[in-house]
Each structure stands twice: as C-alpha cells, then as structure tokens.
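Student: Here is how the chains run, residue by residue.
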Amino acid sequence: MSYLEIKNLEISFPTPKGKYIAVRDINLSIQKGEIISIIGHSGCGKSTIMNAIGGMLTPTGGSVELASEKIKGPGPDRGIVFQNYSLLPWLTVEENIFQAVDSVMNISKKEKHEIVIQNLKMVNLFEHKDKLPGQLSGGMKQRVAIARAFAINPGVLLLDEPFGALDALTKGSMQLEVLKLWNLNNREKTIVMITHDIEEALFLSDRIVVLNNGPASTIREIVEVNLPRPRNKIEIVKMPEYIALRDRLLHLLTDKFSIEDMGMVYKS
Amino acid sequence: MSDKDTLTLSDITGQAEVLTSETIKDSVKSEKLKLIISQFGTKLKSTVLAGIGVLIFIGFWSLLSSYTKDALPGPLATFTVLKEMLSDPFYDYGPNDKGIGLQLFNSIKTVLSGFLLGSLIAIPIGILMGASTICKQIFYPIVQLLKPVSPLAWFPIGLVVFKDTGMATIFIVFITSLWSTLINTSFGVASIPQDHKNVAKAFGFSKMRYLTKILIPYSLPHIITGLRLSISVAWLVIVAGEMLSGGAGIGFFVWDSWNALSLEKVISAIIIIGIVGLLFDKLFTFIESKVAYKA
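Protein chains in written order, with this note's numbering: chain C, 1 to 268; chain Y, 1001 to 1295.
Excised from the complex, chain Y in its bound form:
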C-alpha cells in the first residue's frame, strides 16, 4: 500500500473543506444518475431474460411444427395471419365473419357484465359471511357445494331461465365470478384485528363509521385479490362458454377457425386471449398496490 492510499486525518479535513455546496449538489446528482442507471440495468436484464424465454418457446413451437410436417402451423405462418387479422380488426361481413377486434370486444363486454353482476352480489354476501358467524353458517355450505362445479354446467340452466345464449353466457361468467370474491372478502372481513375493533368500541364508532373507516379499508386489499382471481377465471371460462353458445366472441372465433381448418387463426386467437388475460391481471395487480397500506 502506498502512502497515497492511506487517508490521514488532515486529508479528510482537507477534503471536507473542498466539499462546497456545488460539489455536494454534483455528488447528489451523480448518486441519482447511478440509481437510474442501476434501475435501468435491472429492467434491461429482466427484459432480456424474458426475451430468451420467448425464444425458447418459439424454438419448441417450430420444432413441433416441423415434426407434424406443418399440420401445426409454425411461428412464421401464424404471425403472418396474426398481422393480417390485426390490420383490419373491426370489419363486419355478417354474423359469421367479423374482425378479431369486434369478437374480442364482444367477449370483454360479456365478461365484464357477468363479472360486475357477480361482484355486486359476492362482495356484500362476503362481508356478511365474514362479519357474522350466523351468515357464514348459512351461506358457507352452499358455497362449498357449488364452488367446485364447472361453470359450463350452469349453461343449460342459463338457457332455460333466459332463453337466450348471450344471456346464458353472461350467466356462467356471473356464477364463475362469485366464488373467489366471496371467499376472499369473507376472509378479509373475518380477519380484522381485535385492535381495530377495540378502537371502534372504545371511541363508540357507529355501524356506518365502522363499515367505512375500518371494515372496508381493512378488507379492500383482500376484496381486490378476490376480484383479480375471479376475473382470471371468468376470462378462462368465456372461451369455453362461447364455444358452446356460438354466434360471437373470441371463443366462437376459435371454434369457427378450427371448423374452417385455419389453425393459424386458432393460435393467433390463443395469443390474443393470453395477452388480454395478462392485461386484466396487471390491471387488478395495479389496483391492489393502490389500496395496499403499511401497517
């Protein structure tokens, strides 16, 4: 170690004198810059890694495609069709020939209607189940019994009741949307800490104040998680539902393309379904982060 490497006391004090406000500002700036660069670095790294994952997937896809002697369309053929589909997504040539955008719009409309109705029922019942043991004892057995049933099994019931395939599809989405929201809401409400209840008790909170200032804020993150799970399952179910109901929607599009033996369209639709599902999930994850609080 040379003499220069060893810091003496006079060196330190000397440096301290040189540290004018200007140099401090500079060092703060460079610290910030370093932070931004390191954040960018992490982002870049994860993007590159995700890209590698996609490449591996496309590789396997190509292999499988050449193995089936192009009975399964390869990535290139699929992307050509996908591009074509996306170039004019909103064309409408009659009931059996609509653009992918219109089909998607139809499916999202159905999912949101069913999901909204389901949530409107599930959240209040979930709150009741979480807040009162009696309500839980009334509803929980029904929930346990009906939750494992595939939502598609409800389709005939919907048809009989509403005499309309569109309504029946909304009905199965509605049923699907109930369970996760119901269970998460009731769990959230039931897990309100005694501390918070004591505050309400000690300061004589009215029922309304308890509901708006303690119960809902505390259980909101749980409720949103329930909604996120519900909409994921609803989006899963809509494809199968529309295959049954026919007429319109992304599920119908998949089935129709299969009947027309256009597997490129089927795979393109799968990609689009995946992306929309991902966006739903991201949206609710974002809302979750907004309503989260630090204890």
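Just chain C, same shape as in the assembly:
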C-alpha cells in the first residue's frame, strides 16, 4: 500500500444542463518522498485532482487515501501552495505564516514563533518578515506561500501551478528553492505539483502524470523520469534520456493540435 492512493477517482459538478464530469477513472499510487507532476492542457481537471487531495473537494466517486486513511477534508497533513499565493494582504509576512502554524499546531506559542522564524530563514525572507505582501515581488510572495506550507510540517505538499505567474529567471530559482527544501527534509516530503511547463516537470519530478483533455479527462500516460539526482539544469538538458522524455511529453501534449485538426486550409 503506497502513501498516497487515488482510487477510481471521479469528480463531477451539478450544472443546470446536468452532471458535468471533470475527471474520472483516476488511479494513482504515490510513494512517500516522491515528486509527482500533473501536466495537461487548461481545463483538463488538474486543479480538480489537486483539490480532491487537498480535501477542498469531495469526490463523487472513488477515494483518495493518505497513509491508509480516507481524506475527508483539509488537514494539517497536507500543505497547499496556491497558484496566486493567497496571502492575506493585511497581515505581515511573519503573521501570514504564524496564523497557519497557530491554527494547525498544538505547541507552545514560543515554539510556534520559532518555527515561523526558521521557515522564513529557509526561504531567505527573514529580513522581510515585517513587510506586508503588497510590498513584495511575485517571487517573494510565492516564497512566503511555500514557507507557510512547509511550516505546518505536512507529509504532502500540494503545489498548484506554483510558478505560473513568475518570470523565467525567478521561476528557475524557485524550482531550486523547492528542491532545496525537499532535500533539507531528507526527501521525505511527498510533493504533488500541477504545471504546464514540460521542462519544469522534467527537472523536478520522479513521475509525470499526463492528463487527457477535458471534460471527463482521464490519465493519458504516466511518464517515469529516471534522471539521476541531484539534477543540474544545464547538464540534464544534454542527456539523451532527457531529450527522449521531452519529445515524448511534447508528443503527448501537442499531437492533437496539428494544423489538419484545427481545420485550417491553405490556399495559394
């Protein structure tokens, strides 16, 4: 039995036109300490699966189990990093993290503050602890969000398109930041990440779950990424395995979008 087990997951939403099935027949076994990316086109139900693991959504069919226990709602065993940071703009950086720690953990106030400080230092934001989120750049905000998710010390980290809104350079350093935190935790944290960036998925993941297009999307293929760690961004792109994997993913994600499929006709 694996650590995080998704069995025959189906999630549908009632609409005025009837039942809308977002995802179905999702089966996925994730080991402790694995980094999994879920990749697919917009609207294919990536976030839906994520929300089911996070407990923000209740499955309409099948189940999600964490350490052999069925997930019934959000819990401190899962830390979520939202796509748009979701910091509370009226609280300082420190307070944003403290409120999460204070809400979830059953320890003394002093210990809580120590955890907050330790996590702020981990993402190099200690000097900015008294700033409000509005005074931070996008990358810094996302680091606060990551520190907040790590601070509650969850077994599973859920990253919902964490770097989608960042520029390419910041994105690169944030990916390293996540790997650094994962290493600092002895690679014991399980990370499930949504992305639509093939290179990001290849750089970070152990396995990449490719989804079909929605509605009613299913898993198209699970691609194993057997690249050695630690991975060097400049080195791995030259590896033949990397190139083969990238081509495979590109093929899986783009074959439906050839010119013929889009009904284009060229006239001379």
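You may find that some hints are simply not true.
[Claimed, not checked] For lysine-lysine, the following PhoX-like pairs were computed, each having C-alpha atoms within a straight-line distance of at most 25 Å: (1) K131(C) / K1290(Y); (2) K1290(Y) / K129(C); (3) K129(C) / K1197(Y); (4) K110(C) / K1290(Y); (5) K131(C) / K1197(Y); (6) K1207(Y) / K112(C); (7) K1201(Y) / K1294(Y).
The set of hints was computed from the structure by calculation and includes no laboratory data.
Chain Y: place on chain C using the hints.
Tutor: For chain Y alone, coordinates are given in the frame of chain C:
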C-alpha cells in the same frame, strides 16, 4: 549645436570622478527640496482654485441679496452676525436662548448617540447578511422596504415609544444610520474572495480566527465607507429632526431664527452645519485610508 553641448565619453567619466559623496548628498538634498516645492505648488494651486470657487459663490450670493433688496442678507451682514455668534458660543440664557456652540454640541451628541446605536446593530446584522444566504433572505426584504422611507416619518413612532422628543430625535438618527452601514457591511462580507476562504479552509482556521483574521480585516474598508455614508445622512436628518422636535440643537436654532426673522442667523447656521458635515466626512475618509490595504 556647439561643441560644449555634446557630451563626450571623457566628459561623462570626468563628471563621474567629480561626483564625490558630498556632491551626491547635495544632489539628494536638492531633489528632496524640489519635491517639497512641487508638492507645495500643487497645494497652493488647489487652494487658490478653491478660493476662486468661494469668491464666485459669494458673488452670486451678493447679486441675489441685492436683487431681493436685502430681504436675503448679503455676505457682509451675515458674516458680522456669524462673528458675533462665534464670539460667545456657549452662553445660556434659558431654554430658548442658547449660544451656537451649545446648540451644536447638543446636535452632535444626538447624532453620535443615534449613529453609535445604529452602527452597533447594523454591523453585526450586515455581517450575518453577507456571510449567510439565509440571513440575507430573512433581512434583505425588510431593508429594501424600509430604506426608502424618509427618516422623519419615524418621528411619531419614536414619540409614542419613548414619550420624549429628545429620545425620538435619537431614534430617527438611529434608523437613518442603519441602512448604508448594513448594506455596505453585507456587501463587503459577501465579496470576500474565494482565495482568502481557501486559506482558511486549507489551514483549518477556526470560526473565531476566520472572523478576526479574514472577515473583519477584509470588510473593514467597506464597513467604514458605510459608516461614512450613514453619518452624512444622519447629519442631514438631524436638522430636520430638530425642527420637528424643537427645544435644542442646530436644527431648532435654524427654525427659531427664522421665526425671529433673523435670516443672518439662519445662513450662519447653514455655514456651520456645512462645516461640521464636512469634518465628519473628512474624519471617516481619514479612517478609511488607515484601514485600507494593498492587495
């Protein structure tokens, strides 16, 4: 263009060498000075323009006054009376002859009492209406029905219930203060973004933590806007209310002066009412700016 106007590379590097810390400090100083001067300039400009507006107004007033052959007192006559009123604002020669300061104090006291009571009721109900659809469905029809009613129509109800004109005046201010606060609060609470709710959900916030760390901070700017609108209307209503209730207050003063045919006093009172209303508005605008946050 002469040779002097063209900067060569050596010119630039030469200048850079001259830029010692001393000259940098000087340039920072002069930058700051420039900023202060330009800020002062903008302030001065807006003050001058506002002054022009006032002058135009006084011009029209004088015209109207001479057109009515001084039945409507002109600016000069009015300001003489206003000065006299303000020179001894707190005299008290019995129930029908009190200084303008005392009258004003009375009105402000009434407005604040009614406004405070109204806000104490409106904010919690507004929060409930914004947070729960059921509460909204219960209260919103009543709000819609009663909101358009002129607050003065409540005066007889107040008289019957409290058997006291002072209390009845507070009662109409109370009713007046409810609606804007209620509607703005409920709107603020109802518009809390899903993102913030997700944070509360994901990190298992208790009801109390959600209330104090998300709901109230998010809706506070909306609530203050509601309070600002409420107190503006309350200040409008108090004049009419005191004309009905009589006895004391700035509204009573206006009516009493009209009966004594002292239009100078009426106009002076209008000016004072305007200034106090403006100050209330400024106060709440200031609080609004204090509770605003940058997303």
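Student: Are any of the numbered hints broken by this structure? If so, which, sorted upward?
Tutor: 4
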